[in-house]
Structures are given as C-alpha cells and as structure tokens.
Amino acid sequence: MPDIAYEQARHGSSIGQPLTRRDGFLKVTGGATYAADNRPEGLLHAVVAVSRIARGRVTHLDVAAAKAHPGVVEVMTGANAPRLAQDPDAKDNPFMFRLDLLQNDRVRYAHQPIAVVIAQTLEAATEGAELLAPRYEVDPPRIGLDAEAPQAPEVVGAGDKAVAARGDVEAGLAQAERTVETTYETPAQYHNALEPHAIVAQWDGDRLIVDTPSQGLAMAKMRLAGLFGLDPKKILIRSPFLGGGFGSKGSLSGPQVLGVMAAKLVGAPVKLVLRREQMFGPVGHRAETRQTLRLGTDASGALTALDHHTLTATSRYDDFYEPASAISRYLYAAPAVSTRHSGVRVDTGTPLFMRAPGEASGSVALEGAVDEMAEACGLDPLEFRLRNYAESEPISGRPFSSKALRECYAQGAARFGWDKRAKQPRSMRDTAGRLIGYGMGTALFPALMMQAEARAEIRADGTGTVALGAHDMGQGAWTALAQIAADGLGIDLDQLDFQSGTSDLPNAGIAGGSAHTATAGSAIHSAAASVLAQLAELATNDARSPLYGAGNAGVYARGGRLVRRDDEGRSEAFSEILNRAGRAAISAQGQGAADPASREAYAMHAHGAVFAEVSVDPDLGQIRVTRLVGAFAAGRIVNPRLVESQYYGGMIWGVSFALHENAVVDPRSGRVMNANLGEYHVPVNADVPSIEAILVEEHDPHVNPLGIKGVGEIGITGTAGAIANAVYHATGIRVRKTPITLDRLLG
Amino acid sequence: MNRFDYVRAGSVAEAVAAAAEPGAAYLAAGTNLLDLMKGGLTRPGRLVDVTHLPGLDRIEHLPDGGVRIGALVRNSDLAYDAGFAKAHPAVAEALLSGASAQLRNAATVAGNLLQRTRCPYFYDPASACNKRDPGAGCDARGGETRLHAVLGWSEHCIATHPSDFCVPLVSLDAVLEIEGRAGAREVPLEALYRLPDDRPDRETVLEPGDLIVALRLPPQAAAFAGHSRYLKVRDRTSYAFAVVSVAASLRLDGGGIGEARIALGGVALKPWRARAAEAVLAGAEPSEANFRAAADAALTDARPSGDNAFKIELARRLIVRTLARAAAGTPDRMPALPASAFSGDALHA
Numbered sequence: 004m005p006d007i008a009y010e011q012a013r014h015g016s017s018i019g020q021p022l023t024r025r026d027g028f029l030k031v032t033g034g035a036t037y038a039a040d041n042r043p044e045g046l047l048h049a050v051v052a053v054s055r056i057a058r059g060r061v062t063h064l065d066v067a068a069a070k071a072h073p074g075v076v077e078v079m080t081g082a083n084a085p086r087l088a089q090d091p092d093a094k095d096n097p098f099m100f101r102l103d104l105l106q107n108d109r110v111r112y113a114h115q116p117i118a119v120v121i122a123q124t125l126e127a128a129t130e131g132a133e134l135l136a137p138r139y140e141v142d143p144p145r146i147g148l149d150a151e152a153p154q155a156p157e158v159v160g161a162g163d164k165a166v167a168a169r170g171d172v173e174a175g176l177a178q179a180e181r182t183v184e185t186t187y188e189t190p191a192q193y194h195n196a197l198e199p200h201a202i203v204a205q206w207d208g209d210r211l212i213v214d215t216p217s218q219g220l221a222m223a224k225m226r227l228a229g230l231f232g233l234d235p236k237k238i239l240i241r242s243p244f245l246g247g248g249f250g251s252k253g254s255l256s257g258p259q260v261l262g263v264m265a266a267k268l269v270g271a272p273v274k275l276v277l278r279r280e281q282m283f284g285p286v287g288h289r290a291e292t293r294q295t296l297r298l299g300t301d302a303s304g305a306l307t308a309l310d311h312h313t314l315t316a317t318s319r320y321d322d323f324y325e326p327a328s329a330i331s332r333y334l335y336a337a338p339a340v341s342t343r344h345s346g347v348r349v350d351t352g353t354p355l356f357m358r359a360p361g362e363a364s365g366s367v368a369l370e371g372a373v374d375e376m377a378e379a380c381g382l383d384p385l386e387f388r389l390r391n392y393a394e395s396e397p398i399s400g401r402p403f404s405s406k407a408l409r410e411c412y413a414q415g416a417a418r419f420g421w422d423k424r425a426k427q428p429r430s431m432r433d434t435a436g437r438l439i440g441y442g443m444g445t446a447l448f449p450a451l452m453m454q455a456e457a458r459a460e461i462r463a464d465g466t467g468t469v470a471l472g473a474h475d476m477g478q479g480a481w482t483a484l485a486q487i488a489a490d491g492l493g494i495d496l497d498q499l500d501f502q503s504g505t506s507d508l509p510n511a512g513i514a515g516g517s518a519h520t521a522t523a524g525s526a527i528h529s530a531a532a533s534v535l536a537q538l539a540e541l542a543t544n545d546a547r548s549p550l551y552g553a554g555n556a557g558v559y560a561r562g563g564r565l566v567r568r569d570d571e572g573r574s575e576a577f578s579e580i581l582n583r584a585g586r587a588a589i590s591a592q593g594q595g596a597a598d599p600a601s602r603e604a605y606a607m608h609a610h611g612a613v614f615a616e617v618s619v620d621p622d623l624g625q626i627r628v629t630r631l632v633g634a635f636a637a638g639r640i641v642n643p644r645l646v647e648s649q650y651y652g653g654m655i656w657g658v659s660f661a662l663h664e665n666a667v668v669d670p671r672s673g674r675v676m677n678a679n680l681g682e683y684h685v686p687v688n689a690d691v692p693s694i695e696a697i698l699v700e701e702h703d704p705h706v707n708p709l710g711i712k713g714v715g716e717i718g719i720t721g722t723a724g725a726i727a728n729a730v731y732h733a734t735g736i737r738v739r740k741t742p743i744t745l746d747r748l749l750g
Numbered sequence: 036m037n038r039f040d041y042v043r044a045g046s047v048a049e050a051v052a053a054a055a056e057p058g059a060a061y062l063a064a065g066t067n068l069l070d071l072m073k074g075g076l077t078r079p080g081r082l083v084d085v086t087h088l089p090g091l092d093r094i095e096h097l098p099d100g101g102v103r104i105g106a107l108v109r110n111s112d113l114a115y116d117a118g119f120a121k122a123h124p125a126v127a128e129a130l131l132s133g134a135s136a137q138l139r140n141a142a143t144v145a146g147n148l149l150q151r152t153r154c155p156y157f158y159d160p161a162s163a164c165n166k167r168d169p170g171a172g173c174d175a176r177g178g179e180t181r182l183h184a185v186l187g188w189s190e191h192c193i194a195t196h197p198s199d200f201c202v203p204l205v206s207l208d209a210v211l212e213i214e215g216r217a218g219a220r221e222v223p224l225e226a227l228y229r230l231p232d233d234r235p236d237r238e239t240v241l242e243p244g245d246l247i248v249a250l251r252l253p254p255q256a257a258a259f260a261g262h263s264r265y266l267k268v269r270d271r272t273s274y275a276f277a278v279v280s281v282a283a284s285l286r287l288d289g290g291g292i293g294e295a296r297i298a299l300g301g302v303a304l305k306p307w308r309a310r311a312a313e314a315v316l317a318g319a320e321p322s323e324a325n326f327r328a329a330a331d332a333a334l335t336d337a338r339p340s341g342d343n344a345f346k347i348e349l350a351r352r353l354i355v356r357t358l359a360r361a362a363a364g365t366p367d368r369m370p371a372l373p374a375s376a377f378s379g380d381a382l383h384a
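Just so you know, the sequences run in chain order A and B.
Read in the numbering used here, the first sequence has 537 at position 534, and its numbers run on one by one without any break.
Read in the numbering used here, the second sequence has 83 at position 48, and its numbers run on one by one without any break.
Same shape as in the complex, but just chain A (with noise of 0.2 Å):
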C-alpha cells in the first residue's frame, strides 16, 4: 500500500485512499439496478432461438406452432424482421462488428439468433422459442486453426501492425551459442460476465430508450443511430452498473440489438436476456492460438533474436485476429525482434476483445518460451529476465515514460521467497510428499489513452457535480472517478454529485484498453480545471476577496476553498467567491486524449512481476496453486484497495487461464460442447488459496496529466505463464498447452 498521507499531501484528499466501493452498499442490498431489472409498464418478453448448426441456411421454422403457444405474442424472424437503415455487416472502422439481425436465413456459426419469439412472459417466450423447431441446411463446418492454408492478415487486434520487426532475426539466430524453438496452443475461451447480455428496450415514436450494458456507451448510441436511422439524441442508453464486461460488452452485440428490433416490431417494451449457453456464440470469445517462438542467446544468456509467431482464427465473416504476438514488441531487450500473425478462417461467432486481448494468450507463451531459454543458459528465471531487461523498447527503440519492473523483480521475488526456489525441476516436495514448483512471468499491459469528455460544475452552495457517461463494470468507476472528480473540484467527496453511467451525459468513451480510469480521469481533470480556473480568476480579480492578486498560478483549491500558495491562511469558500460574483455556478467541459507528442517520445506501459507457487500430486497429476504474489507498478494508485482488487481479480484469471478455461467444441458440429459455468470451469474459491498484490511505487510525469496507467488487465499477464512454469518446475513435464491439465501429468 503507498503512503496514504504523502498520497494526500501530494494529491489531494480523497485520491490514494482505499475508499470502499460508493455503489457497494447498493450492490449488496439488491438496490443497483442492472439492465434485466427494469420492467417498464407493458414490458413484453423475448427470448433468441439459436442455430444448433455452424454453417448453412435455415430453411423452415414452425412460426404458427410457436404463435399458436397461449401468450405469444409475435415471432420475428428473417420474414418480418424490420428493416434496418444500415446493413449490419457494413464496416466503417474496426470496431463496427457485423452482427446477425434476422436479415437473411443464412447461418454462419453455432448459437446464431435465428429468430426472437415475443411473449407476455418469459415462460411463453422460452417454449415459443422450443417450437420453431427449425429444419436446416448443414454444410460441413470449418473448425480449428488446420481448417485451411493460413491466411496473412494486415492488422491485429483493434488496428495494431500484424507485423513488426526490428534486426534480422535470422541473422540472430544464427549468431546465438544457444536457441530455442518451441510452440504453445492456447484454447478457444468464452468471457462469461456473471451478468448476461440483456437488454430492455422502449420506442416511444422515434425515440429511444435502453437499458443495457454498455462497455461503451456513445458507441452503442451511434451503432443503434446507425442501424435503426435515428438522430443519436434521440436515443437514450442507461448503464448505470454491468455485471462484468471483459471486454464482450464494448460492442453492441447482436442480440442486445435483437431486443430493440422486437420492441420495434411488437410496439411494446421489450426485455431480452440471453441464457448463459446463447453467449457461447454472439457475443465474442478469445480465440485459440498456435504461438511458435524462436530464442538465440549469447554466451552470457543475452538474447540475439526474438520471434514470436501467433496463429489463430477469426470467423468466416469478420476480421479480429487475437494479437498475441504483440508483448514480444515490448518486454525483453533483443538486438532482433520478429512479430507477425497469420489466421485461419473458421465457422464460429467473430473473436473480440477479451481482458487482456492479444497480451494474456501471449503472455503465457512468451514467458514459457523465456523459461525454456533461461534453463537452456542453466540461468535461474529471475536472472535471465533481469540479464535481458529492456531499457528501452525493444523494436521501437523509445524510452519508456516509466518503468518500475525491477523494482516489481525485487519486492515481488522478496516476498514470495524466490531464492528458496531449487534450480532442479522435481526436486522440490512439501511435508506430505506432493512436488512444489516455483514459477515466474514477467506482467505487462499497455499504458493506452482513448478519448473522453467530462462535464464539472461548482455551485455557489460549494457543492460540485462531475457528469460523464462512464461505465461502472464493477471495477469501481464510480468510485475511482468520483474520487478524481472531489480533488479535481478541491471539494470533499460527499460535496461531490457524480453522474455517470448514461449516454446522455458526455461522452466518456470505452470502458476498455485498461485506459479507462486515465482516459475519463483526464476528462474529468481537465473539466474541473477548467472550472477552477475560472473561479480563481473571479476571486483573484476582486479586490473584496482574500485572494485579490494572488494571480491563477498562485492558488490550490482544498476542502471547498480556494488557497493562496504563497500564504495558505489566506483562503476564501467557492460559495463566498461565487455569491459576491452573483453566479449561481460555474461550469466547463473537459477533455482527455492522449497527448500525440509524449506518445510519439516514450512507449507507455504498466509492468509486473508474479510469482507462483504451485503443489502437484506425483501420482494423480492434480494441480493446485498454493500461493501467488504480483507485484506492479502502474503510475499513480487512485484506489489501492480496487487497484488490489483488480489485480486479484487478473491474477485469478490467470490461474483460470492456465489450468482451467477451455471451450470445448465439436469439429464435427461447430458446438462449443461445455456451454454452461458447470463444465466450462473458472476457478473456485479452493483454487486460489493464497493471494497477494504488492503495489509498487512509480511516477510518471508523461502517460497522462493525472500520471495512471491502466491495472484492469495486466494481472492476466505474466500469472498464467509463472503457473505454467511452475508446473514445469514441480514436475519436470513442459506442458506447452493451456489449460494444463493433469491427464497431461501423469507422466
């Protein structure tokens, strides 16, 4: 934990501290409203009807048996579906997925919406749904990353570079004393927020009204402007809290549109909730992956070459390749640095961001590949790292705007107890004979800035209102910001009237990219600078004030008052400064971006180091992961219990990443087969006995005016590659196939 008291000293009175969650009581209590909770007068409900093909048409649904079901009210299908003003497979930027909207009969993956039965209840909706009793179609499905010849894609992930290099890396190669090649698969894995997409929809006129979750609310405005042909003030979308996100709802998907169409049809509100095995589908997925690394090192174990190949799959309709290769570009100094990604094309649902896209699956090849190496240089794992510690980005040669990873090495490495670790693999065991593994991954997240606007008023009661469509996907926005927005304001937080969460509000942009407290904590910075400044200009214009002359440089705002630096007991109330000016209030808008300058000088990231301990039975295989410590370094801490908790929550996923996720699909069929939290497993509470995140101190005078780095998805990274490594190191087995499961143990 940092040093609360400096924190405020330096900052302010309310950011650093480890406020609890301002929505928790709600949350608790069953007050937060979440999407499904609202029931709008003559609320109507829908249920999606799902392709149980992967590829091919649908050719004949039993419409007059479902509308014959007492309390169905319509069946919208291709036949009847409204018309849209916009083709949804139209792709004006990369984040315009195409969506299925009942446009046509054609069938394009497995958990496809192929109809919406519209019901009085639930009830009638689900058993309309059962008996459209669809007849197909079938082509054979193409499934798996040996489906075809692969293909070159030009870009990765969100528009990122599918290939980028520095040096010859064959040359490097060639050169070494040592080289690995080796190759990791990572499986298909679905996000499965606790809360499903849902979605409440009203029409009144050519208005419209939506309750959903929304990762990005402006962009869900412009996606149903776009499709339905509406003015966007005209539509109103309320997020007020997600049950988790991921990064499946930063798009709008289908079935959330879905929902708006039937309300359109029917002329009703209408509720559409998917049912936890419809997300298997429609709403994204992090796709598989075949990672072929490629090391060289010299004599003293530096490395000569890095290449780093990702293969892996998107859908047959839609381009989003899972850029894995990408961390190579970032972590380890390499004089040759290679980076690209080839796809297959498969009949699933379109891949899309899932927590950590592109750097969690990556992650975990590149620190086992690391791990491979440095046994090969008879290094211990730490050494190797800090031997090949990037003082300046690998392939674009900037200097980083901050790095505290050898501090995260050292504090981490002291707490887990690292230099008890055996360099022999199996030949470390616990009091009951079970085999112990020491491992270890280097964490590393992008310290990205998206764009976002905020609103800041002070009123001449000295209270304050900050007001920004952020998204509280319970990472605790509405906590973090809120206490950014009290400083921002110099008022006490329960001076402070925060509104967030609705699109009508200004834009605050994507809840995503880890960026979003930085990205809404600029808007909401500079807003109420804004705002500040121009108080101060009143008050130190007035010769009546106590401020007279101090200058705007020359005052800080604190507690409600403005200060003077050069004289702290000279100070006067926002409430006097504005009565005497007649003003009931003062507002500004702000904004926060990147700034292009300091981006084009320093590469921006967030980095960490996770320590694993893991038991393994020598005879069963059974894993456990006994003990985890991260420690990172990620600028400024605004919230060092939620930046905890987000780190734990990463370093869980982690663990689910290495030795539990895995959707299970049929090649014959196209169907994930696990499609349910039973048998698609995450980790429980039993899994994750020992925990710990260390917050390392770090600042950073260029990422952003507020000096945050992003902490939602950086746990992922490195974790489930020390888990892994720790598995090698208990066992002596390389499984080089997540999830590492204890068939593969057995020896």
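Honestly, the hints are just simulated from the structure, not real lab data.
Keep in mind that a hint or two might mislead.
[Said to hold, decoys possible] 25 Å max Cα-Cα, derived DMTMM-like pairs, lysine to aspartate or glutamate:
hint, chain 1, residue 1, chain 2, residue 2
1, A, Lys740, B, Glu348
2, A, Lys267, A, Glu44
3, B, Lys73, A, Asp209
4, B, Lys73, A, Glu280
5, B, Lys121, B, Asp380
6, A, Lys740, B, Glu179
7, A, Lys740, A, Glu184
8, A, Lys237, A, Asp92
9, A, Lys423, A, Glu386
10, A, Lys740, B, Asp342
11, A, Lys426, A, Asp464
12, B, Lys73, A, Glu198
13, B, Lys73, B, Asp84
14, B, Lys73, A, Asp65
15, A, Lys70, B, Asp40
16, B, Lys73, A, Glu133
17, B, Lys73, A, Glu682
18, B, Lys73, A, Glu126
[Unchecked claim] Okay, the calculated bits of chain B under chain A, using three or more residues with CB under 8 Å as the criterion:
hint, stretch
19, 171-181
20, 261-272
21, 349-355
Just so it is clear, the structure is predicted and the values come from calculations on it, not from any experiment.
We put the CB at the ideal spot given by N, CA and C, even for glycine.
Mind docking chain B on chain A? Use the hints.
Positioned in the frame of chain A, the structure of chain B alone reads:
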C-alpha cells in the same frame, strides 16, 4: 406444449399411485431434474412432489448397528450428522466432496442416487443420444471423450454416472427400500443401476411408480469405520465432477486385511464395485505391492472409450493411494478439503 401436472403427495401410497402414470416423475429438490426440464431434455407430464411426505427426512441409527437414511434427508444433513460420519466416514467424505455447499444443502440423498449423467452429448439436444432417444446413435463416440467411461460401456453409450455418494455406498453394500405398486421391496444399491448395453435409456431397475423411501447401510458397514476413505481426482479443487474417484474401506485383522471394500466412480455408468480387487486383498498384508495388485485386478477389463486411456492408469494409481489412506486410518476430523489430493494426508502411508 410444456404443460405438466403437479401433484403434491400426502402419503407414500398416494405418491406411488400418482407417479405410476406414464410420463410421471418424482420431484424432490429438483437440482438435476429442473435443469433437464429447462433444457427440454426431459418433459415429464406429471411431477409428483414428494418433499412433503412425512417421515422420510430422518436418519435412524438402528438397534442392530445399521443406519437407515430417509430418502429426503439433505446431503449436508447426512454428512454433518456426527454419529453417521463417525460410523461411515467415507460416505460423509464423499458427500462433502460433491457439488457445492448450496447444492448439498438442497439435494436429497435419493435424488443424488438418481442424478443423470453429465455427458455433454446427453445435455445437448442437437446431439444424437441413445439415452435420450433410443436408437438415435451416440455422438459422444468420436467426440469429446476425455471424461467418458472406461468400464462397462457399450458402443451405444459411453457415459458415466456422476455421483460421489453412491461410490462408498455401493462398496458398503447399501440397500434401498422401495415402495411400488406391488408393495415394498428391497434392492441392493449396486443392482439399482443397469449398464448401458443396447438400451442406455433404461438406467435403473425402477418400475413406474417406484419410490425410494430410504437407504440402509448394514451393521457390517460400520466395522470399516477406522479405515475408510474416499478420494476424488478432479479438474479443479472443488465444485467439479470426478475424473476418477475411489472409495476404499479396510477391516484390519491383526496386521493383515480381514476384508476390503473398493468401488470406483467416474469410470462407468454405475458406481463400480471392484470385487476382484477386494478378493486380492482379503487376508493379505496392507502393503503397496498388494494395493497395486488389487488395482490391477480392478482395471483388468478396462478399455478406453475414446481419448480417455489415461483414466485407466489414473484409476489404478488412485486405488493404491486410497487404500494407503484407508490403511493409515480414518482421520479424527473431516479434512478441510474432503476427498481431495490436497486434504493434508501424507501421500504414502
């Protein structure tokens, strides 16, 4: 139309009469049945709610030393009954290793016995399944088969029975008390289940209307209390079905094994009593070599039904381990992680 009658039975006789109709099903906690109904996998025309039947929620310690467990006793109530857990520690350990605390608090013991397989193809209405639709075929064959059967399977069905509770019960000769149209009868638990053969839809020997009212452990079962364990290998530490599980109970006689009881879970469409293994151990020393011989005997007929050959070797090792734990003696307290490889027990006795 998804309509069904709902009958709340006031007496066992009333329940039996109501459930004897074709398409009727008993409803207790419904932790499995309701999921199946919601998925459209089973559509009973009538639900006969037995949760209000009087007298079926009692655990009775019988004068002869046996125990009689009412069909409606909740899984957790039985596991936490101190007298029961002391006399039948492997059964309590198995119960506490199953499902989640919430499910154990709801689920009844008779319902546990009758839960359906977790084969994903059974749960996927678009897949062919001989169990759901006799003669349709089995899409599990050639599909995802990592967790499927290695004993007693047929080309028609390679599913497994998911219960933990059943495994020690079968090893300890549990008997079911059944009320049916022809009156009361008793059936050994082991005889309740049918192997799939060519009719995997016929899962048990129960006739329409048959109601399990109690299960009984004979007095001899408690003779194993000092050396009785259940061990369950699973893909996560808790809340997962068994990859393979073993119940092992020993009655030590001087330095040797007077009698051994062994059953396996997760390997077949029924809890698998390993009598050949028991025979190997009768009169033998409790040594690792003998445990290995028993394990080999138990798996003699095993063969993979797909990509699951590892389960055969795993089952062998698990038998050896569980026998070693049993030989070391039942711990005084239930382990914090019941039936777990990480329970705190030493790996080798």
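Hints versus structure:
Taken as a hint, the Lys740(A) and Glu348(B) pair is honoured in the structure, with Cα atoms around 22 Å apart against an allowance of 25 Å. The straight-line distance between the Cα atoms of Lys267(A) and Glu44(A) is roughly 16 Å, inside the 25 Å bound, and the hint therefore holds. Of the pairs offered as hints, the one joining Lys73(B) and Asp209(A) is violated, with about 37 Å between alpha carbons and a cut-off of 25 Å exceeded. This hinted pair checks out: Lys73(B) and Glu280(A) have alpha carbons roughly 12 Å apart, not beyond 25 Å.
At roughly 18 Å between alpha-carbon atoms, Lys121(B) and Asp380(B) fall within 25 Å of each other, so this suggested pair holds. Annotation: proposed proximity of Lys740(A) to Glu179(B) holds, straight-line Cα distance about 17 Å (limit 25 Å). This hinted pair checks out: Lys740(A) and Glu184(A) have alpha carbons roughly 15 Å apart, not beyond 25 Å. For the suggested pair Lys237(A) and Asp92(A), the alpha carbons sit about 24 Å apart, so the restraint of at most 25 Å is met.
For the hint linking Lys423(A) to Glu386(A), the alpha-carbon distance of about 14 Å falls within 25 Å, and the restraint holds. With a C-alpha separation of about 16 Å, the suggested pair Lys740(A) and Asp342(B) falls inside the 25 Å cut-off, and the hint holds. With a CA separation close to 66 Å, the supplied pair Lys426(A) and Asp464(A) exceeds the 25 Å bound. For a cut-off of 25 Å, the pair hint linking Lys73(B) to Glu198(A) stands: about 19 Å separates their Cα positions.
For the hint pairing Lys73(B) with Asp84(B), the CA-to-CA distance comes to about 17 Å; that is within 25 Å, so the pair holds. Pair hint Lys73(B) plus Asp65(A) holds up; C-alpha atoms about 20 Å apart against a cutoff of 25 Å. For the hint linking Lys70(A) to Asp40(B), the alpha-carbon distance of about 23 Å falls within 25 Å, and the restraint holds. The straight-line distance between the Cα atoms of Lys73(B) and Glu133(A) is roughly 11 Å, inside the 25 Å bound, and the hint therefore holds.
This hinted pair checks out: Lys73(B) and Glu682(A) have alpha carbons roughly 17 Å apart, not beyond 25 Å. For the hint pairing Lys73(B) with Glu126(A), the CA-to-CA distance comes to about 10 Å; that is within 25 Å, so the pair holds. Restraint check on the stretch 171-181 of chain B versus chain A: 5 residues with Cβ-Cβ distances below 8 Å, three needed, restraint holds. Closer than 8 Å: that is the beta-carbon criterion, and the stretch 261-272 of chain B has 5 residues meeting it against chain A, so the requirement of 3 holds.
Against chain A, the stretch 349-355 of chain B contributes 4 residues with a C-beta closer than 8 Å to a partner C-beta. That satisfies the three-residue criterion, and the hint holds.
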